[in-house]
Amino acid sequence: MYFAGIDVGSLTAQAVVINAKGIVAYKSIGVKPHPVQSARAVVDMLVKEEGIDWSEIRFCVSTGYGREQVQAEGLSQDNVSEISCHGMGASWLVPEVRTVIDIGGQDAKVIRVGKGGELVDFVMNDKCAAGTGRFLEVQARTLGLSLDELGTVSFQAERALELSSRCSIFCETEVLHYLQRGHTKADIAAGVNRAMAERVAALVRRVGLEKEVTMSGGVAKNAAVRAELERMLNVRLIKYDTDSQIVGALGAALMARKMGGGS
Amino acid sequence: MRTLQSQSTDIYTDYVRDWKEKGGKVLGYACVATPVELIEAAGVLPYRIKAFGHPDTELGDAYLARFNCRFCRSCLQLGLDGTYDFLDGLIETNGCDHLRGMFENWQYVKKYEFFHYLKVPHFLREDSLEYFTEEIGLLRQALEERFGAQVTDERIRKAIDAYDEVFARLKRLYALREKVPPAVSGAEVMRLVCTGSSMMAGDFSALLDEVLAEKENAAPLPYKARLMILGSATDEVDLIEDIESTGALIAADALCYGSRSFWRREGESGDPARLLAERYLANLFCPRMFTEYEKRRDYILETAKRAGVDGAIVTYNKFCDLHGVESVSLRMDLEKAGVPVLVLEKDYGSKADTGRIKTRVQAFLERLGK
Ligand code: SF4
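Just so you know, the sequences run in chain order G and B. For the first sequence, this note's numbering assigns the number 1 to the initial residue and increments by one for each residue that follows. For the second sequence, this note's numbering assigns the number 1001 to the initial residue and increments by one for each residue that follows.
FYI, nobody ran anything at the bench for these hints, they're computed from the structure. None of these values were measured; they are calculated from a predicted model. Even glycine gets a Cβ: it sits at the ideal position worked out from N, Cα and C. Some hints here could point you the wrong way.
Below, simulated DSS-like cross-link-like pairs (lysine-lysine); rule was C-alpha separation at most 30 Å, straight line [said to hold, decoys possible]:
| no. | chain 1 | residue 1 | chain 2 | residue 2 |
| --- | --- | --- | --- | --- |
| 1 | B | LYS1022 | B | LYS1110 |
| 2 | B | LYS1305 | G | LYS32 |
| 3 | G | LYS221 | B | LYS1358 |
| 4 | G | LYS211 | B | LYS1358 |
| 5 | B | LYS1224 | B | LYS1110 |
| 6 | G | LYS211 | G | LYS221 |
| 7 | B | LYS1171 | B | LYS1305 |
| 8 | B | LYS1022 | B | LYS1179 |
| 9 | G | LYS211 | B | LYS1171 |
| 10 | G | LYS258 | B | LYS1318 |
| 11 | B | LYS1119 | B | LYS1318 |
| 12 | G | LYS115 | B | LYS1370 |
| 13 | B | LYS1022 | G | LYS258 |
| 14 | G | LYS21 | B | LYS1370 |
| 15 | G | LYS115 | B | LYS1171 |
| 16 | B | LYS1351 | G | LYS211 |
| 17 | G | LYS115 | G | LYS48 |
Some chain B residues flagged as far from chain G (calculated, every beta-carbon gap over 10 Å) [claimed, not checked]:
| no. | residue |
| --- | --- |
| 18 | ARG1356 |
| 19 | GLN1362 |
| 20 | GLU1366 |
| 21 | GLY1369 |
Label pairs and their in silico Cβ distance ranges [as the list claims (entries may be wrong)]:
| no. | chain 1 | residue 1 | chain 2 | residue 2 | range |
| --- | --- | --- | --- | --- | --- |
| 22 | G | ARG236 | B | GLU1294 | 57 to 65 Å |
| 23 | B | ARG1306 | G | GLU149 | 43 to 51 Å |
| 24 | B | GLU1130 | G | ARG181 | 56 to 64 Å |
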């Protein structure tokens, strides 16, 4: 008996299929212009490449931006917010987890979960791009680095430079200023990653940190931000065995299993 | 239902147009500390300034900074682009600095013949009540001079009575929303309160009578959870609709365009100016009253309890210093009292934020187990 979760985010879309035991198959793609198109595309791929017979899916839950439209199109039977799904998914992967830091391209969320992965509390950035992947993207572009390089290069830094602005746009000016003053890209990159971590840490403090802690979403792949966060919060961020980007869709599939009477 | 839905979110409503066509005068004000009874007693229509979800600010931005609250910038925009040209004057209050910036820039560009600055003390003490009484006296005088009406004690008393009639009806409407299951939605209530804020009291009472007659026998509304909303000044009926579209029924509020504008208006003095000072200054549940946090907290907790809510949404506009700061203590105190809280910082009227707002509300409902 199969259950599925579809997560359409702002940049990527995922689908995960599970059975009573665990993950059967999953797929991740870049999004199409419309969430329903993205959901269809990722499901088609899963069917074609993994040989899943979609008619055997007993219950499907959609999540993420466009979750309601995906349900309205009949691709899922119910929808759950990505906040609950991330908490649920992370807690299934790492049962001891109590705090999930999920930093995506446009959103930053800190999610506190209970023993069974149920949502206890959360905060989501409300101001702007400060503290989201977009912030890193803007600064990386100014430095002429790729997102991956922004993370790796900062380990060669002698000292992280101070970036005081909260705003991505003002921060870009500061980065330019340092470049013109002849500072190394490594020192500036280290400053950028530290500034990012500071913003995330502030968000974490708003809900309160409880161990164990995991991090998901694109920014989780930046080792320098992770290291800074571990230092600032004085915790170890547990890594997932599986791709950190499918956590939301996995959570949705687990919800589907619960709603569909599979567990 | 019919009566309710015909209440538009137009700035220049048919009611106001009609009033103007008959030669009536209209005065704009923004803060609930403005004694509308006095304006009515002068035979003038008090009009509470709203932006009704018009988020454009490009004209307003030439005078106010990006870090001024967007509600104020949106109101200024409508003032500058001619939408509010039907007003015959403005009454400024020192609700907060953003509001003051709005009024002063508006007057600077448009130059209304009647422009009055009503100074509202930030403390409630005997001397501040005296001061406010004098201020109300000055407004009374200014109204008499400009609009040629005798604002007699008797006329003020009559206006006070007329408003009391309105408040009694509004409370009946709130009771319909607070009951289990509710007969009126949060969005409907806000639409009505906003509509009434640009009508003469007697006419608003008549409208409320019609609405009450409809609603008292209306079918109950379905909902997943009962929430309360509180926070800064917003007239965003759309926001409430978005929140309610997730299944969260807004069963109670402590909003400035909601219960805070009328819930408690009492005083005991025989002198009408002093009575108005008491009715307003002593019952102003806004963080602009710096030393009265406990009073506001109790008012909010009382409301939450009466309506039996499952949780509360504390909302404020980006850059709103007053409510932004207060949201921290309120969150802690509400949670201590067993009311889970969602803090919703938002931009005024931003349609692009709708999805993010709904996500947070939906997650909040899931957190409540609904
Ligand atoms: S929302 Fe805040 S900043 Fe804006 S007018 Fe109200 S109190 Fe002032």
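For each hint, the structure was consulted:
1. At most 30 Å may separate the alpha-carbon atoms for a hinted pair to count; B/LYS1022 and B/LYS1110 meet this at roughly 24 Å.
2. A distance of roughly 47 Å separates the Cα atoms of B/LYS1305 and G/LYS32; the hinted pair therefore is violated under the 30 Å criterion.
3. Among the hinted pairs, G/LYS221 with B/LYS1358 is consistent with the structure: their alpha-carbon atoms are about 28 Å apart, no more than 30 Å.
4. A threshold of 30 Å between alpha carbons decides the hint, and for G/LYS211 with B/LYS1358 the separation of about 29 Å falls inside it, so the pair holds.
5. For the proposed pair B/LYS1224 and B/LYS1110, the alpha carbon gap of about 48 Å is over 30 Å, so the pair is violated.
6. Distance restraint check for G/LYS211 and G/LYS221: the Cα-Cα separation of roughly 20 Å lies within the 30 Å cut-off, and the hinted pair is therefore satisfied.
7. A threshold of 30 Å between alpha carbons decides the hint, and for B/LYS1171 with B/LYS1305 the separation of about 16 Å falls inside it, so the pair holds.
8. Taking the CA atoms of B/LYS1022 and B/LYS1179, the gap is near 41 Å; set against the 30 Å cutoff, the hint is violated.
9. Between G/LYS211 and B/LYS1171 the alpha-carbon distance is near 47 Å, which puts this suggested pair outside the 30 Å criterion.
10. The straight-line distance between the Cα atoms of G/LYS258 and B/LYS1318 is roughly 38 Å, outside the 30 Å bound, and the hint therefore fails.
11. Taking the CA atoms of B/LYS1119 and B/LYS1318, the gap is about 25 Å. The hint holds against a cut of 30 Å.
12. For the hint pairing G/LYS115 with B/LYS1370, the CA-to-CA distance comes to about 18 Å; that is within 30 Å, so the pair holds.
13. Annotation: proposed proximity of B/LYS1022 to G/LYS258 is violated, straight-line Cα distance about 65 Å (limit 30 Å).
14. At most 30 Å may separate the alpha-carbon atoms for a hinted pair to count; G/LYS21 and B/LYS1370 meet this at roughly 28 Å.
15. Between the alpha carbons of G/LYS115 and B/LYS1171 the distance comes to roughly 43 Å, so the proposed pair goes past 30 Å and is violated.
16. This hinted pair does not check out: B/LYS1351 and G/LYS211 have alpha carbons roughly 37 Å apart, beyond 30 Å.
17. A hinted pair counts as satisfied when its Cα atoms are at most 30 Å apart, and G/LYS115 with G/LYS48 does not qualify at roughly 36 Å.
18. Chain G draws B/ARG1356 into its interface by the beta-carbon criterion, the shortest separation being 7 Å against a cut-off of 10 Å.
19. For B/GLN1362, the non-interface assignment is contradicted: its Cβ lies about 4 Å from the closest Cβ of chain G, within the 10 Å cut-off.
20. In this structure B/GLU1366 is not separated from chain G by more than 10 Å, as the shortest Cβ-Cβ distance comes to only about 4 Å.
21. Separation of B/GLY1369 from chain G is inadequate, the least Cβ-Cβ distance of about 8 Å not exceeding the 10 Å criterion.
22. Checked against the given bound of 57 to 65 Å, the beta carbons of G/ARG236 and B/GLU1294, roughly 42 Å apart, lie outside it.
23. Under the hint 43 to 51 Å, the C-beta atoms of B/ARG1306 and G/GLU149, about 58 Å apart, miss the expected range.
24. Checked against the hint of 56 to 64 Å, the pair B/GLU1130 and G/ARG181 passes, with Cβ atoms roughly 60 Å apart.
Of the hints listed earlier, those the structure fails to meet are numbers 2, 5, 8, 9, 10, 13, 15, 16, 17, 18, 19, 20, 21, 22, 23, in rising order.
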